[in-house]
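Order-wise, the sequence lines are chains Z and X. For the first sequence, position 160 (counting from the first letter as 1) is numbered 160 according to UniProt numbering, and the numbering increases by one without interruption. For the second sequence, position 133 (counting from the first letter as 1) is numbered 133 according to UniProt numbering, and the numbering increases by one without interruption.
Wrong hints could be hidden among the right ones.
If several chains are the same, the list does not tell them apart, and a pair holds so long as it fits within one copy or across any two.
To be verified - Below, computed lysine to any residue pairings styled on SDA-like, alpha-carbon distance capped at 20 angstroms:
hint	residue 1	residue 2
1	K246	N54
2	K101	A245
3	K101	N54
4	K65	A179
No lab work stands behind these hints, which were simulated from the structure alone.
Now for the letters of each chain:
Protein chains: 2
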Amino acid sequence: MTTVTPAAPTQLLAQTGLEARQAIRSGRWSGHTSGTAPHFVQGNVVILPEALANDFLRFCQRNPKPCPLLAVSEPGDPRLPRLGADLDIRTDVPRYRVWRKGELVDEVTDIGALWRNDLVTFVIGCSFSFEQPLIDAGIPLRHIAQGKNVAMYRTNIQTAPAGPFHGPMVVSMRPMTPANAIRAVQVTARVPAVHGAPVHLGDPALIGIADLATPDFGDAVDILPGEMPVYWACGVTPQAVVMEAKPDFCITHAPGAMLVTDLLDSELAF
Amino acid sequence: MTTVTPAAPTQLLAQTGLEARQAIRSGRWSGHTSGTAPHFVQGNVVILPEALANDFLRFCQRNPKPCPLLAVSEPGDPRLPRLGADLDIRTDVPRYRVWRKGELVDEVTDIGALWRNDLVTFVIGCSFSFEQPLIDAGIPLRHIAQGKNVAMYRTNIQTAPAGPFHGPMVVSMRPMTPANAIRAVQVTARVPAVHGAPVHLGDPALIGIADLATPDFGDAVDILPGEMPVYWACGVTPQAVVMEAKPDFCITHAPGAMLVTDLLDSELAF
Numbered sequence: 001m002t003t004v005t006p007a008a009p010t011q012l013l014a015q016t017g018l019e020a021r022q023a024i025r026s027g028r029w030s031g032h033t034s035g036t037a038p039h040f041v042q043g044n045v046v047i048l049p050e051a052l053a054n055d056f057l058r059f060c061q062r063n064p065k066p067c068p069l070l071a072v073s074e075p076g077d078p079r080l081p082r083l084g085a086d087l088d089i090r091t092d093v094p095r096y097r098v099w100r101k102g103e104l105v106d107e108v109t110d111i112g113a114l115w116r117n118d119l120v121t122f123v124i125g126c127s128f129s130f131e132q133p134l135i136d137a138g139i140p141l142r143h144i145a146q147g148k149n150v151a152m153y154r155t156n157i158q159t160a161p162a163g164p165f166h167g168p169m170v171v172s173m174r175p176m177t178p179a180n181a182i183r184a185v186q187v188t189a190r191v192p193a194v195h196g197a198p199v200h201l202g203d204p205a206l207i208g209i210a211d212l213a214t215p216d217f218g219d220a221v222d223i224l225p226g227e228m229p230v231y232w233a234c235g236v237t238p239q240a241v242v243m244e245a246k247p248d249f250c251i252t253h254a255p256g257a258m259l260v261t262d263l264l265d266s267e268l269a270f
Numbered sequence: 001m002t003t004v005t006p007a008a009p010t011q012l013l014a015q016t017g018l019e020a021r022q023a024i025r026s027g028r029w030s031g032h033t034s035g036t037a038p039h040f041v042q043g044n045v046v047i048l049p050e051a052l053a054n055d056f057l058r059f060c061q062r063n064p065k066p067c068p069l070l071a072v073s074e075p076g077d078p079r080l081p082r083l084g085a086d087l088d089i090r091t092d093v094p095r096y097r098v099w100r101k102g103e104l105v106d107e108v109t110d111i112g113a114l115w116r117n118d119l120v121t122f123v124i125g126c127s128f129s130f131e132q133p134l135i136d137a138g139i140p141l142r143h144i145a146q147g148k149n150v151a152m153y154r155t156n157i158q159t160a161p162a163g164p165f166h167g168p169m170v171v172s173m174r175p176m177t178p179a180n181a182i183r184a185v186q187v188t189a190r191v192p193a194v195h196g197a198p199v200h201l202g203d204p205a206l207i208g209i210a211d212l213a214t215p216d217f218g219d220a221v222d223i224l225p226g227e228m229p230v231y232w233a234c235g236v237t238p239q240a241v242v243m244e245a246k247p248d249f250c251i252t253h254a255p256g257a258m259l260v261t262d263l264l265d266s267e268l269a270f
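Modelling step: build the complete structure from the supplied sequences, incorporating the hints.
Take a look at the structure:
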């Protein structure tokens with residue numbers, strides 16, 4: 001008799017945000033959320049003590065393209081009812097990173113033991129929601145075709161500071177034909193809750209990028225003849241800005257292991 | 001006693017489309033309409049016999065970016081009530097050009113004597129309506145700053161043919177910074193009735209333009225360091241296509257002497 005050992009699943013199969021959160025909350029999934037609950041909005045998570053939270057809220061308000069806020073919790077309240085009636089931020093993210101004074105100190109699957117009455121949760125729009133409308137519009141995305149992470153670069157575009165939060169904007173770059181670049185401006189302008197229209201087109205030197213072949217984050221992708229690079233404000237910006245500010249205490253999602261919400265991507269488009 | 005002879009007016013001063021048409025209809029104005037009745041929509045005019053009109057209507061339907069139709073009359077009916085209750089196309093354009101077999105044979109200020117029961121009037125959106133939202137959005141337009149006509153180029157982008165109507169798309173080009181180019185895509189995408197979003201950005205060779213310094217129509221303008229050329233489908237396209245088809249009989253407006261309508265530019269935006 002032969003025993004077939006099933007391969008470990010590589011993706012959380014869920015049809016809705018609620019289904020995904022239930023699997024995560026029960027401990028059945030602690031991996032990435034790429035491809036989970038297609039068309040449901042996923043979010044980056046930043047949890048900060050209230051004293052810093054007010055500065056960070058003003059930072060997001062002043063920099064909506066890199067920091068599109070989907071929801072902010074009440075201080076000490078782990079719920080985010082606008083994103084899901086059952087949602088509990090202490091259990092509903094597959095993996096969390098815990099930071100003290102800007103240093104990564106732990107990676108956990110539940111933050112119940114770390115919760116405090118002064119913590120404020122920020123959920124920030126993520127590129128999964130942002131790329132789906134491009135794909136739906138028939139615009140090929142090179143990094144997806146090449147099975148890579150998107151290429152990201154630090155720029156010389158300064159964010160508007162607030163309290164201890166400041167620093168350069170990080171952009172993601174997607175090469176495309178000029179006709180697709182025009183269409184991509186139209187498509188992404190309709191989703192301001194996930195970075196909106198591009199911040200730049202064409203010459204990388206004009207925004208302080210020295211070499212497209214050496215991204216600061218993610219993977220370099222090919223740019224074919226007749227294509228132009230198109231740059232969007234990137235959700236790595238607030239993460240980089242928070243780490244730079246070295247808060248005494250901070251919790252974030254682990255890379256790729258996002259909060260899955262009840263919002264539909266299409267609800268974010270006007 | 002000194003007699004001061006007033007200078008001939010260089011602009012038809014009118015606050016509304018109706019006021020402009022009344023001045024034109026009464027013979028008080030036969031010049032260009034640039035700056036007349038600001039924020040009221042002006043249109044290019046093409047008048048064709050019914051036999052060809054059906055082909056031309058299909059041509060416009062298939063090529064909405066270069067040929068954005070504002071209105072089409074009933075055959076033989078000189079009225080266009082959607083553009084003005086009083087509007088009579090036989091008298092309300094300052095100057096008309098009369099064409100036979102593709103040759104310009106006359107320029108007149110009234111076409112009452114030429115009117116036929118089979119003529120169909122096409123009114124096509126014009127760049128005046130199209131540039132006003134860009135200016136309102138704070139995007140500087142070089143050709144206006146330099147007091148020039150916009151630069152226009154024949155491209156290798158083919159229009160979709162219909163009957164005898166076919167030929168390359170003509171584009172207008174406006175240089176701007178990448179940030180303004182992105183904003184201009186958003187602004188002009190909202191006015192599909194006047195050419196809509198650009199058809200190309202950046203490298204002119206990709207659409208068959210050999211040299212930006214030598215436009216096929218209009219005037220060359222400077223492109224400054226850090227700017228990119230942005231290209232829109234141009235209303236010269238249908239004019240070039242009609243002339244190329246050499247219809248037995250055709251009437252158009254004279255360059256710059258447009259039909260002024262009761263529509264507001266803002267009504268064309270969604």
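Hint check results:
1. K246 <-> N54: This pair counts as within: shortest intra-copy Cα distance 16 angstroms, inter-copy 70 angstroms.
2. K101 <-> A245: within (8 angstroms within a copy, 74 angstroms between copies)
3. K101 <-> N54: within (18 angstroms within a copy, 73 angstroms between copies)
4. K65 <-> A179: Result: close only across copies, 13 angstroms inter versus 23 angstroms intra.
The structure is consistent with each of the numbered hints, conforming to all of them.
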